[in-house]
Amino acid sequence: MKKKKSFLEFVSDNKFIHILLSIILGFLIGAIFLVIMRLSVGEAYGRLLKSITSVKGITYVIVYAVPYIVAGLSVAFSFKTGVFNIGAEGQFVVGSMAAAIVGIRLGTLPKPVLIILCFLAAMAVGALWGIIVAFLKTKWGINEVLSMIMFNWIAFYLSNFIAGLPGIKSDGSAEATQNISDNASMLFPKEFIKKMDFAPTANWGIFVAIVIMIVIYIIIDKTTLGYRLKAVGFNKNAAEYGGINVNGSIMTALAISGALAGLAGALQLMGMGGRISIFSSQEGFGFAGIVVALIGCSNPFGVFVAGLFYGWLMYGGSKLNLVGAPTQLINVIVGTVVFFIAISVIFSNLKYLFRKKG
Amino acid sequence: MNNFINSLGIILYATLVYATPLLYAGLGSCFSEVSGVVNIGIEGMMTAGAFTGTVVAYFTGNPWIGFICGGLAGAFFGMLHAVATVLLGADQTIAGTAINMLGPGIVIMIAKVLFDSTDTIPLTATQKIPQLFSGLFGTDTTFGRFMNNVFATYASTYLVFIAVIVVWFVFYKTRFGLRMRACGEHPMACETLGINVISMRFLCVCLSGFLAGLGGACVTMTVSTQFRPISIVGQGFIAIAAVIFGKFRPQGALVGCLLFGFCSGLKVVLGGSSGFNMHLISMIPYIVTVIVLILFVGKSHVPAANGKPYIKSR
Amino acid sequence: MANQYLDMSTPVIEMRDIVKRFGDFTANDGINLTVHKGEIHAILGENGAGKSTLMNQLYGLLKPTSGDILVNGKKVDMSTPRDAIAAGIGMVHQHFMLVQPFTVTENIVLGDEPVKGVTLDMDKARKNVVEISERYGLSIDPDAKIEDISVGMQQRVEILKALYRGADILILDEPTSSLTPQEIEELIKIMHNLTADGKSILLITHKLKEIKESADFCTIIRMGKYIGTVEVAQVDENDLASMMVGRKVTFKVDKPEQEPGKVVLDVKDLRGVDYRGVEILKGLNLQVHAGEIVGIAGIDGNGQTELVEIITGLRKGTSGDVTINGTSVFNKPPAYGFEHGVSSIPADRQKHGLVLEFSIEDNLILQNYEKEPFSSGGILQRQKIFEHATQSIETYDIRPKQSEKRPAGTLSGGNQQKVIIAREVQNDKDLLIAVNPTRGLDVGAIEYVHKYIVEQRNKGKAVLLVSFELDEIMSLSDVIDVIFDGSIITTIPGKEADENYLGLMMAGGKKE
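Protein chains in written order, with the numbering used here: chain X, 1 to 358; chain A, 359 to 672; chain H, 673 to 1184.
Errors might be hidden in some of the hints.
[As the list claims (entries may be wrong)] Simulated crosslink set (EDC-like; lysine to aspartate or glutamate; CA at most 20 Å straight-line): (1) K1043/H <-> D221/X; (2) K666/A <-> E1029/H; (3) K796/H <-> D815/H; (4) K236/X <-> E1042/H; (5) K1056/H <-> D221/X.
[What the hints assert, rightly or not] In silico contact screen, one side only, chain X against chain H (beta carbon under 8 Å); selected entries: (6) F234; (7) N235; (8) A238.
Since the hints were derived computationally from the structure, they do not count as laboratory data.
We put the CB at the ideal spot given by N, CA and C, even for glycine.
Whenever a hint applies, use it, and build me the whole structure from the sequences.
The structure is reproduced here in structure tokens:
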């Protein structure tokens, strides 16, 4: 006898619904905080929604989202291949700096060549940052979480150091690098932006993100490379037994993940920032990548949507103080979403709620 | 020569000051990891502790009440992590990531409400954790100045060294410690001997939050006297690194944290004199850690059941 | 031999009409069991029949859905192992519940530690442990770490754990799975010592001979149902077997006479170390010919694992040589050995054999994913992979059907093993290595696995069989090599194998 699935069973068994529920709960908890702070929920959330009612707003969200999407793909790829790339932060930073060096020092090259060179430099250095960690792990058995945390900080100070070097540092008083050459910029033409009423930083990055998403999907699902990396990720012993080079695969996986994080750094620089400041603390794009990967269930398409969602919250969140609500509300909402995703087992058990015991 | 001794004193002082919060958090991390729960939420728990400690000290005027409340705030987030990971079997990395967003998110929002700023108001000298032996040795001799430098540390530092001994004792000399370590290695074996793995882990994760909270509180209640959103950035992760470095043992974490503290101290002294690039010097602790790992430490024994949810079948 | 200590007037355990359901699955369906003081009571059933589930309820690890448990005539509620321990019940699990980096003493006292003030009193703990171990003749080293001691000693530690807690009723779950015949005899002696002391023993097993040798009564469970309780002296092994399986079972494997061919696997003077770096293979020599099954008999820990790992390329040896059809595969990566003719059914199917998260179709191409037709130009050919899986599922009777896309982890143990066999047999290599190929499988699956192994031999493949089940070695092998302390100490034709002699050799005895 075929039984029609009840509504609760449908909710319980659908992973997508779990994420949706988590997001709703995130906003609910955010609302509770707003009420406690005696702020208007309608006004604050209205602000968030209003931020995407215009073409300008939507393009802003997309611009914000691009580095998150690509960083998220980096972390998602690492999850799929059995490593936890908590080092995306550092790879992002060195990637961004590599692109800056190329974009500043080789600024006279023609635009397409320069852009591709910037990408390649960022990906190579990001990959290198990943490979070092993989090498330490495979050669000396050094815990990768530990060394990634170390290399995040090394990347951070290295970037600050390079940003202060003559020939890179801004000529003015700014504690930052020079602006990258216009030839390395990915912004749409000024007139076009004006005509379409886009955000002033609207750029080609989203197309790169789409391409990367598709490439990662194909690698993971359709290629022997993906098969190998996943096999190592799920069960190192069986993979080795099956003749797969485990150490080589770990290096490859972290190299690809690192290259993506590095590329995310380049996209952020060439699409939005234009230069790199000497920061007093880490900016957290890599950590955001972890969150985006989690919300997107490490599925490339899911990560893309999650990145847009995160970009929206970051952009919309920056407008929150206009209504007197703290920007930090966004972190509480996102944190809650991730928390509920972690315990989504409670949603899977909903179906037992009204069932008789026995 | 005098200069050198002077610098040495400052380095030792800085070592202790930097190592103290790491060590509290590191001891916390030990409890959680050894009982079998990965806790990368230490960072968020420290932030919560830093804010709460400062605010309570500011409003009550009593640093010790503040310090303890900092711990309790950390314990609250520890409890959240425990509910997710121990009771509901959540992925420990995901839950920890959530804690790292929620902790800072919530406290900074409260800061905005209380102070209309993301920073708290700086503590006065009496609201800070006291420096017990400040100036005790006189400033007439080189030795006196050296000792003064070293013992300019705060009470929280002396406490944490006592805490290391206590934690070591608990881990290796008590019934609780034996059972806790067993839970991290073979939870099923514990269950068959009537040890309640769930409550043991729950308690340990809450304890780890408490200690991380204390660690956070001593960042903002000693040298720096106010909470700012960047007060904690990264220190929770460094504490975790120190624990992995120390092979998940409290005495090992002590070595790891002192190493980080020492490198940071070196940074302060070298950074003061010109000729060295500040940013390059700042890298030293991290590079040294990696090198020490390669040369002396190598693989560490991770508790066998670490990271694996324990779900009772009924 | 009648058990003089058996006191039929004093029931210590009564389990009445026990039902246990997991969701829609009924693991125990109305089981009754009575155990008396001084009795050794066997519980017989195939793997998956529900023996362990029943015992876990008696030990408070699981809660019965319905039914009563009485200890010493009183109804008790066993909601945690603590209740069971308090009621005087102790359990030795099949998979030992020992904390590897802890010492023997620490493991025994864990959960019931003597203290002096707030401090653990390890001196007293050690004294107590030594005392009971001497009292019951269970020799152990109280200060050794579990990871450093033999399986036999680990089992004695487990028994001591129960005795330390004052257990009067001992549950032994498949206690003989990795012991030599001599060690089994020793264990039976210990069991009788314990009953002489007024203790009762519940012995869970699927080995008929042991039941005949030790038990007074035997309760049989089949597919969760209570079949009956018999007095062991009144029945023979065949009766027990048919009650267990529900049909006549043939233990014999049909194997045609066959002349072995040329040497396929040749291991010469092999030396190697274990994971701790201690030398464990000490100049081992071994040959397997085409069309022949060579069985390696031996106690776990004498170098079998390392031998197989070196042949398959998972571990590097220190010296010697391993050749397949004359080509050396010594210290080459696993892929190289595979290319030159090595296939294997690994000991631990979940650790080495399968990627549990991968679908069945993906597991079936583990060594061949980079080859035509499963991929071309680095792109997986999903259609071909699927068709290959469909055909394998059909040929090798993998259940459930239409499971090509299901994760391997969702299959039963027997079907997981079928996936591995399907893969390795279709690889069609000259050498097949099978390590404990039937561990944890039920009778039906065991017959199936044995059939395929013999079929490989009949097709002219060389088969190396490593097993801790002496029965399996004796019924399948053409040649039996006994491994002890890192070398082969005797080689005998399979037909001439004698269990006592083999057991003696496995324990390192010299040939007379």
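Status of the hints after comparison with the structure:
1. K1043/H <-> D221/X: 17 Å, holds
2. K666/A <-> E1029/H: 16 Å, holds
3. K796/H <-> D815/H: At roughly 13 Å apart (the allowed maximum being 20 Å), D815/H and K796/H satisfy the hint.
4. K236/X <-> E1042/H: 18 Å, holds
5. K1056/H <-> D221/X: Holds, because 15 Å separates the two Cα atoms, which is no more than 20 Å.
6. F234: 4 Å, holds
7. N235: 5 Å, holds
8. A238: 5 Å, holds
Consistency with the previously given hints is maintained throughout, with no hint failing.
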